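Novice: As a plain string of letters, each chain reads:
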Amino acid sequence: MKKLLLATLVGLFLLPALLGALELKISGEMWNRWTLEQGKVFADTSLTAYKKEITKNFFSLERGYVGMEAKFSQSMKGRFTVDIFSSDILKDGAGLKLKYAYLDFSNLIPIPDLTTTVGLQKVYFGSIYDWSYNLIGKAPTDEYKYANSADYGISLNGYLPGGWGEYQLGMYNGEGYKNYGSNLKDNIDPAFLANLRIVPTAGLTIGGSVMTNGSERKLKLADATENSSYNTQLLADGILRAAFGPLDIWAEYLYKDISYAPNFSAKDYSATCFSVFPTLKLKSLIGADIDLQGRYDRSDETRMPDSKKKNLLNAWTGGLNFNFMADDSGSPALQAQLNYVRKDYDEDASGTDYANGKKDTDIVMLQLKWRFASTIN
Amino acid sequence: MNKKYIIVALILLLAISFAVAKSRKITCSGSTTVLPIAQAAAEAYMDKHPDVNISIRGGGSGVGIAALQNGSADIANSSRVMKAKEISQAKSKGINPTPYAVALDGIAIVVHKSNSVANLSIAQIRDIYNGKIKNWSEVGGPKLPIVVISRDVASGTFEVFNEKALGGSKVVSSAQLLASNNAVASTVGSTPGGIGYIGLGYLTEEIKTVKVNSITPNTKTVQDGSYPLARKLYMYTNGKAKGDLGSYIAFIQSDAGQKIVVEQGFIALK
Chain A
4 MKKLLLATLV GLFLLPALLG ALELKISGEM WNRWTLEQGK VFADTSLTAY KKEITKNFFS
64 LERGYVGMEA KFSQSMKGRF TVDIFSSDIL KDGAGLKLKY AYLDFSNLIP IPDLTTTVGL
124 QKVYFGSIYD WSYNLIGKAP TDEYKYANSA DYGISLNGYL PGGWGEYQLG MYNGEGYKNY
184 GSNLKDNIDP AFLANLRIVP TAGLTIGGSV MTNGSERKLK LADATENSSY NTQLLADGIL
244 RAAFGPLDIW AEYLYKDISY APNFSAKDYS ATCFSVFPTL KLKSLIGADI DLQGRYDRSD
304 ETRMPDSKKK NLLNAWTGGL NFNFMADDSG SPALQAQLNY VRKDYDEDAS GTDYANGKKD
364 TDIVMLQLKW RFASTIN
Chain B
677 MNKKYIIVAL ILLLAISFAV AKSRKITCSG STTVLPIAQA AAEAYMDKHP DVNISIRGGG
737 SGVGIAALQN GSADIANSSR VMKAKEISQA KSKGINPTPY AVALDGIAIV VHKSNSVANL
797 SIAQIRDIYN GKIKNWSEVG GPKLPIVVIS RDVASGTFEV FNEKALGGSK VVSSAQLLAS
857 NNAVASTVGS TPGGIGYIGL GYLTEEIKTV KVNSITPNTK TVQDGSYPLA RKLYMYTNGK
917 AKGDLGSYIA FIQSDAGQKI VVEQGFIALK
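Chains as they are written, first to last, in this note's numbering: chain A, 4 to 380; chain B, 677 to 946.
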C-alpha cells in the first residue's frame with residue numbers, strides 16, 4: 004500500500020508540471036477476471052500417479068493500467084504508465100509495477116517518420132509490442148519467456164514511406180521491466196534488437212525480429228570465479244499476418260539459442276515455439292460486435308539441459324469477445340471476453356518439473372475489460 | 677430436409693440480409709472541417725437516393741482515420757493527408773486507405789472584427805503562436821494582449837497549420853485548445869484580443885480574416901496555390917470506392933457536388 008500511496012503522491016506532484024504541457028491525456032484500463040483451472044496433479048507422495056482437480060478458482064484484478072501522456076511540443080511527448088494488480092502479489096491487497104516511463108523525440112534524427120524513444124518502453128520483438136490482448140493470454144514471446152514486454156533502453160522507431168511498413172532498432176538492459184536493484188546495476192551486457200515489418204499489400208504483413216542478450220549479468224563473479232548461470236542468448240522471430248475482410252490470421256515462429264560460458268558448454272540448448280492466432284470479426288456478418296478468437300501454440304523446450312524442466316506443449320485456445328461500447332474511433336471501451344485454454348504436455352518428451360509440477364490443464368477465463376481516455380488539458 | 681440444414685440456411689440468410697442491409701448505409705467520421713461539406717452533400721445525395729442512409733460524425737481527422745482503420749467507418753473525412761504510420765497500420769489490418777480529394781480550402785487566420793491588423797506574415801504568425809509576440813501593438817495593431825486560440829491535436833487543421841505556419845514549433849502553453857472550427861470562430865468572435873485559424877467554410881461576420889504574406893484566401897489564391905495555407909480536403913475509403921460509397925463520393929466530385937462545396941464556403945477542386 005505504501006508503494007501505491009507513493010505513486011499517487013508522485014502523480015499529484017507531477018500533475019501541475021504536466022498541466023503545463025501542450026496536451027495531457029489520462030488513460031487507463033481495468034481487467035477484472037474470473038479464472039477456473041483444472042489440472043493433473045500428483046495423487047500422492049510417490050509422484051507417480053496423477054489425479055484431476057480444480058487448482059484455481061478466483062476473481063482478480065489482473066491489470067489496472069493507469070497512465071498519463073503529456074505532449075510537451077509537436078516533437079516531444081512523454082508517457083508514464085503504472086500497473087496496479089491483485090493477482091501476482093497479494094501483499095497489502097495490490098501490487099504495483101512501473102510499466103512505461105519514456106520520452107519520444109520525433110526530430111532528434113532528421114529522418115522522416117522516425118521517433119527516438121528513451122526510457123522504460125516497449126520491446127519491439129515479435130508480436131509482443133502490438134499484442135492487443137484480443138485473447139486473454141499473453142503474447143507467445145511473453146508466455147514462453149523469450150523476451151520481456153517492456154524494458155529500460157533507447158530505441159529508434161520508424162515507418163517506411165508510403166505505409167510500406169515499420170522498423171525498430173533498440174538497445175535495452177535485457178533484464179525486463181520487473182527487474183530492479185543490483186540485478187540492473189550488475190548487468191554489463193545490453194540487449195540489442197532489430198525489428199522489421201513489411202506490408203507489401205493491404206492485408207499482408209511479413210516481419211522478423213532478432214535480439215541478442217546476455218543473461219545472469221556477468222561471466223565473472225566478485226571472487227573472479229566464473230558465473231555458471233551466465234549465458235548469451237540469440238532470439239529470433241518471424242511473423243506472417245493476413246487480414247482480409249472479417250478474417251485476421253497471425254502466424255509466429257520463435258527461436259532461442261542459449262549459450263553458456265565455455266566451461267559450461269554442456270548446457271547449451273535451443274528452443275522453438277510456433278503459434279497461430281486467427282480472429283473472425285462477426286460485426287460485418289451479423290451486425291453484433293462479436294469476435295471469435297482462436298489460438299494454437301506448440302512450444303518445444305525438449306532440448307533443455309535440465310531433464311526435469313524440458314517440455315513439449317500443445318495449447319489450444321478458443322475465445323469470444325463481445326464489444327458493447329466503443330469510443331469515437333471504434334475501439335472497444337467495454338469488452339467481455341470468454342476464453343477456454345487446453346494445455347497438453349507430451350508425456351514422453353516432458354520432464355517432471357515443467358509448469359511447476361502441474362500437468363495438462365483446462366482453463367476457463369471470463370474477463371470484463373474497460374478502458375477510458377480523456378484529454379484534460 | 678434435415679433440420680440442421682434448415683438452421684444453417686436460416687443463419688446464412690440472416691447473415692446475407694445483414695450484409696445487404698449494411699451496404700445501404702454509409703458511415704463517415706473525422707474532420708470537423710470536412711463535416712459541413714459531407715453533411716450538405718449527404719442530404720442532397722439522400723434526397724436523390726432515399727434508400728441510402730448516410731451518417732456523419734466529427735471528432736477530428738485523427739479520429740476518422742482511426743475509425744477507418746478499425747472498420748467502424750466507411751469514410752474517413754480528413755483535412756490532411758494520412759501519415760506513413762497511419763497508412764502502415766491500416767494496411768496491416770487489411771484496410772487500403774484510398775484518398776479522394778473533395779474540396780480545396782485555405783486555413784484562414786481570423787481575429788476579432790474590431791482588430792485593425794489586416795495582414796500577418798508567416799513569421800509573425802509563428803511568433804504569435806510561439807508566444808514571442810504577446811501584444812497586437814508589436815504587429816501594428818492596438819495595445820491589446822494577444823489571446824492565442826488553437827485546435828486540439830486530433831485536428832487535421834492543426835496538423836496542416838503546424839506544418840505550414842509553425843514549422844513544427846511549439847504552441848505557447850497558455851493557448852486555448854478547442855475541439856472544432858465552430859468553437860474557434862465563436863471564441864475569437866467574442867475575444868477582442870483573440871487570434872485563431874479555421875477552414876474557409878467557417879468564416880462568419882463576427883470575425884475578421886487577415887491576409888497572410890499579403891495574400892487573401894480566396895478561390896483564385898487557393899486554387900493556384902499562392903495562398904500559403906492552402907490545402908486539399910479528403911475522404912479516405914478502404915480501397916476503391918464502389919457501390920453507394922463510390923456513387924456518393926462521385927456525387928461530391930461532380931459539378932453538383934462542387935456547387936455544394938462552394939455553397940458551404942469552401943473552394944471547388946477546379
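In case anyone wonders, no lab produced these hints; they're calculated from the structure. Owing to the predicted nature of the structure, the values given are computational and were not obtained by experimental measurement. Among the hints, erroneous ones may be present.
[As the list claims (entries may be wrong)] Facing chain B, a subset of chain A residues (Cβ under 10 Å, in silico): (1) Glu26; (2) Ser30; (3) Gln77; (4) Met79; (5) Gly81; (6) Gly168; (7) Leu172; (8) Ala339.
Even glycine gets a Cβ: it sits at the ideal position worked out from N, Cα and C.
Novice: Does the interface hint hold: is Gln77/A within less than 10 Å of chain B, judged Cβ to Cβ?
Specialist: holds, 5 Å
Novice: May I ask you to test the interface hint for Ser30/A with respect to chain B, counting a Cβ-Cβ separation under 10 Å as satisfied?
Specialist: violated, 14 Å
Novice: Let's test the interface hint: is any C-beta of chain B closer than 10 Å to that of Met79/A?
Specialist: holds, 9 Å
Novice: Is the shortest C-beta separation between Ala339/A and chain B less than 10 Å?
Specialist: violated, 18 Å
Novice: Taking the least C-beta to C-beta distance, is Gly81/A closer than 10 Å to chain B?
Specialist: violated, 14 Å
Novice: Quick check on Leu172/A please, does its C-beta sit within 10 Å of some C-beta on chain B?
Specialist: Violated: closest Cβ of chain B sits about 17 Å from Leu172/A, beyond 10 Å.
Novice: Report holds or violated for the interface hint on Gly168/A, using the least CB-CB distance to chain B and a cut-off of 10 Å.
Specialist: Hint holds; Gly168/A Cβ to chain B Cβ min 6 Å, cut 10 Å.
Novice: Have a go at the Glu26/A hint: is there a Cβ in chain B nearer than 10 Å to its own Cβ?
Specialist: holds, 5 Å
In terms of the numbered hints stated before, the structure departs from hints 2, 5, 7 and 8, listed from lowest to highest.
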